[in-house]
Amino acid sequence: MAARVQPDDFDVGAELADFGHRAGAVCMFVGLVRDLNEGRPVTAMTLEHYPGMTERELERIEQEACARWPLIDSLIIHRYGRLEPGERIVLVAVASAHRDAAFDACRFIIDWLKTRAPFWKAEDTEGGRCWVQARAEDDAAAGQWDTDFSERRRACGSAER
Amino acid sequence: MRVLYFAWLREKAGFAAEDVTPPDSVTDVAGLISWLRTRGGGPGEALADLSLLRIAVNQEYARLDHRIGRDDEVAFFPPITGG
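Protein chains in written order, with the numbering used here: chain A, 1 to 161; chain B, 162 to 244.
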C-alpha cells in the first residue's frame with residue numbers, strides 16, 4: 001500500500017509497471033482537470049491541502065479498503081498546487097486476485113477520498129477565482145458504501161477470499 | 162494552541178495560522194470558536210457559519226465537543242473538494 005501527495009505530475013504507466021505482482025486483476029482511476037464547470041470555462045485549478053493530515057487520511061482510506069476487500073496492493077497519488085485543464089489530479093490503483101474486488105475497491109477509494117481527504121479546489125474562470133463547492137452527490141456516493149457493505153455482509157456471511 | 166485556517170476560511174480570516182491563548186474557560190472546540198468570534202476580525206467572520214465548517218484537532222477529524230488543550234493544533238476548513 002502506498003499513498004503520495006505531491007505537486008508533480010505522475011506517469012501512470014511507470015507507476016503501474018511493477019504494480020500488482022501475482023494479482024489477477026488491476027483496476028485504476030485517473031481524475032483530470034476539466035476545462036468546464038457548470039458551463040463556465042476553467043483556465044486553471046489550484047489545489048490546497050493540509051500537510052500531514054492529508055497523507056494520514058489517504059493511508060486510512062487504503063487500510064479501510066484492505067479491510068473490506070482481499071487486496072494485494074493499492075496506490076494513491078494526489079497532486080496539489082496549480083493545474084491546468086487536461087492535467088492529471090489523482091491516481092487510484094488496486095490489485096486483487098479477481099476483478100470484483102478490484103473494481104469495487106477502486107471505486108470505494110475514490111468515493112471516500114472525495115469526502116475525507118483534506119483537499120480544496122479553487123478554479124480560475126473569466127469571473128475570477130472561486131472555490132469549488134462540495135457536492136451532495138459525493139457524500140451520497142461515499143455513504144452508499146456503508147449501506148452496500150452492510151447489506152453484502154448480511155447476504156454473504158463473510159468476505160469471500 | 163495553534164489554530165489553522167484553510168481555503169476560503171483562510172481568505173476570510175486573513176491568515177493561514179495563529180497561536181492563541183484562550184482563557185481557561187475554553188475547554189472544547191465549541192468554546193474556542195465562541196472565543197475566536199468574540200475577538201472579532203477575520204477569524205470571527207471565517208467562523209460565522211457552523212454549517213460550512215469542518216474541524217480537525219491534531220490532524221484528526223473532530224466535533225464541536227472535542228476537548229482541547231494548550232498544546233493542540235486545531236484546524237478549521239470548508240467541506241473538502243479533492244479527488
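These are calculated hints, taken from the structure and not from any lab test.
Hints should not be assumed to be uniformly reliable.
[What the hints assert, rightly or not] A short, non-exhaustive set of chain B residues, derived as facing chain A with CB atoms under 7 Å:
| hint | residue |
| --- | --- |
| 1 | 168 |
| 2 | 177 |
| 3 | 242 |
This structure is a prediction, so every number in the text was calculated from the model and none was measured.
Positions of the beta carbon are idealized from the N, C-alpha and C atoms, including for glycine.
Structure-based check of each hint:
At about 4 Å, the closest approach between the beta carbon of residue 168 of chain B and any beta carbon in chain A falls short of 7 Å, and the interface hint on this residue holds. Taken as an interface hint, residue 177 of chain B does not check out: its beta carbon lies about 10 Å from the nearest beta carbon of chain A, beyond 7 Å. Because the beta carbon of residue 242 of chain B sits about 5 Å from the nearest beta carbon in chain A, less than 7 Å, this interface hint is met.
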